[in-house]
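Participant: Chains C and P supply the protein sequences, listed in that same order.
Going by this note's numbering, the first sequence opens with residue 20, and the numbers climb by one from there.
Going by this note's numbering, the second sequence opens with residue 117, and the numbers climb by one from there.
Honestly, I wouldn't trust all of these hints.
Stated by the list, open to error - For the chain C half of the interface with chain P, some residues (derived, Cβ under 8 Å), not all of them:
(1) Asp105
(2) Val108
(3) Glu123
What the hints assert, rightly or not - Heads up, simulated SDA-like pairs for lysine to any residue below, C-alpha to C-alpha not over 20 Å straight-line:
(4) P/Lys156 <-> C/Leu79
(5) P/Lys156 <-> P/Lys119
(6) C/Lys36 <-> C/Thr26
(7) P/Lys157 <-> C/Thr71
(8) P/Lys156 <-> C/Glu63
(9) P/Lys156 <-> C/Lys36
(10) C/Lys97 <-> C/Glu123
(11) P/Lys157 <-> C/Lys36
(12) P/Lys156 <-> C/Ala21
(13) P/Lys225 <-> P/Lys119
(14) P/Lys157 <-> C/Leu58
(15) P/Lys156 <-> C/Lys97
(16) P/Lys157 <-> P/Pro226
(17) C/Lys36 <-> C/Arg83
I should point out that these hints are in silico values taken from the structure, not numbers from a laboratory.
For each residue, glycine too, the CB sits at the ideal point set by N, CA and C.
Here is how the chains run, residue by residue.
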Amino acid sequence: GAGVSQTPSNKVTEKGKYVELRCDPISGHTALYWYRQSLGQGPEFLIYFQGTGAADDSGLPNDRFFAVRPEGSVSTLKIQRTERGDSAVYLCASSLLSKPTNTEAFFGQGTRLTVV
Amino acid sequence: EDKVVQSPLSLVVHEGDTVTLNCSYEVTNFRSLLWYKQEKKAPTFLFMLTSSGIEKKSGRLSSILDKKELFSILNITATQTGDSAIYLCAVGTNAGKSTFGDGTTLTVKP
């Protein structure tokens, strides 16, 4: 597709379960970001990949959160032992240049995660 | 800690009005300031600003950056109902990380 694709669009899970959220960036985009957005707030940075490696994972809230991008394209955000406080919209974005803050990032439609 | 503050938090205007949205920031190693429009889930890009005093313009929208006073404004003239959205300001650093403000929710009434 032409844009950033995120699946699933909605995910409801029980507290304590494991979830995986997928992001398929625009083809050729080397930089990939994950953000978390709660109601009434702006996107909160989680992790940034440059190619296959995590260039900055300082936004991951704790060790229950992990993200991979093994082939430098699709990325998966993994959350273990989910808690109700993890409920949010998880946004993925990608950008073309090696210095992504020099150019716009394209966002996916997000995954709305609800932990019950 | 990097910080981006947007004001006002929300704004209600009527069609045809002009609005000014504000974004102030405190970040280490500033690289760029970006404005996004968020209508449902995915923010869409409006402007990227890297230099002070140079206005970026697109139709009825314009934006300018002041790197000395550490703020940016986004102006929308002759507002339309389709301008109703959350407007997000983000600041990028040399390290690649972007910090977002909490947005301004604009409602344009017919």
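Participant: Does the structure keep P/Lys156 and C/Leu79 at a Cα separation of 20 Å or less?
Facilitator: Roughly 24 Å separates the two Cα atoms, so the pair is violated.
Participant: For the restraint on C/Val108, tell me whether the closest CB of chain P is nearer than 8 Å.
Facilitator: With a minimum Cβ separation of about 6 Å from chain P (threshold 8 Å), the hint on C/Val108 holds.
Participant: Interface hint check: C/Asp105, Cβ to nearest Cβ on chain P, cutoff 8 Å. Holds or violated?
Facilitator: 17 Å, violated
Participant: Taking 20 Å as the top limit, are the C-alpha atoms of P/Lys157 and C/Thr71 close enough?
Facilitator: It is violated: about 26 Å lies between the C-alpha atoms, which goes past 20 Å.
Participant: With the threshold set at 20 Å, check whether the alpha-carbon distance from P/Lys156 to P/Lys119 stays at or below it.
Facilitator: 24 Å, violated
Participant: Are the Cα positions of P/Lys156 and C/Lys36 separated by 20 Å at most?
Facilitator: The hint is violated at about 28 Å.
Participant: Is the Cα-Cα distance between C/Lys36 and C/Thr26 20 Å or less?
Facilitator: Status holds; Cα separation ~18 Å.
Participant: Checking one constraint from the list: CA of P/Lys156 to CA of C/Glu63, max 20 Å. Satisfied?
Facilitator: Given that 20 Å is the threshold and the Cα spacing comes to 17 Å, the pair holds.
Participant: Taken at face value, is the distance from the CA of C/Lys97 to the CA of P/Lys156 at most 20 Å?
Facilitator: 24 Å, violated
Participant: Regarding the pair P/Lys157 and P/Pro226, is the alpha-carbon distance no greater than 20 Å?
Facilitator: Measuring from Cα to Cα gives roughly 24 Å; hence the hint is violated.
Participant: C/Lys97 and C/Glu123: Cα distance at most 20 Å?
Facilitator: 26 Å, violated
Participant: Please work out if P/Lys156 and C/Ala21 have their alpha carbons no farther apart than 20 Å.
Facilitator: 19 Å, holds
When the structure is compared with the earlier hints, violations turn up for hints 1, 4, 5, 7, 9, 10, 11, 13, 15 and 16 and for no others.
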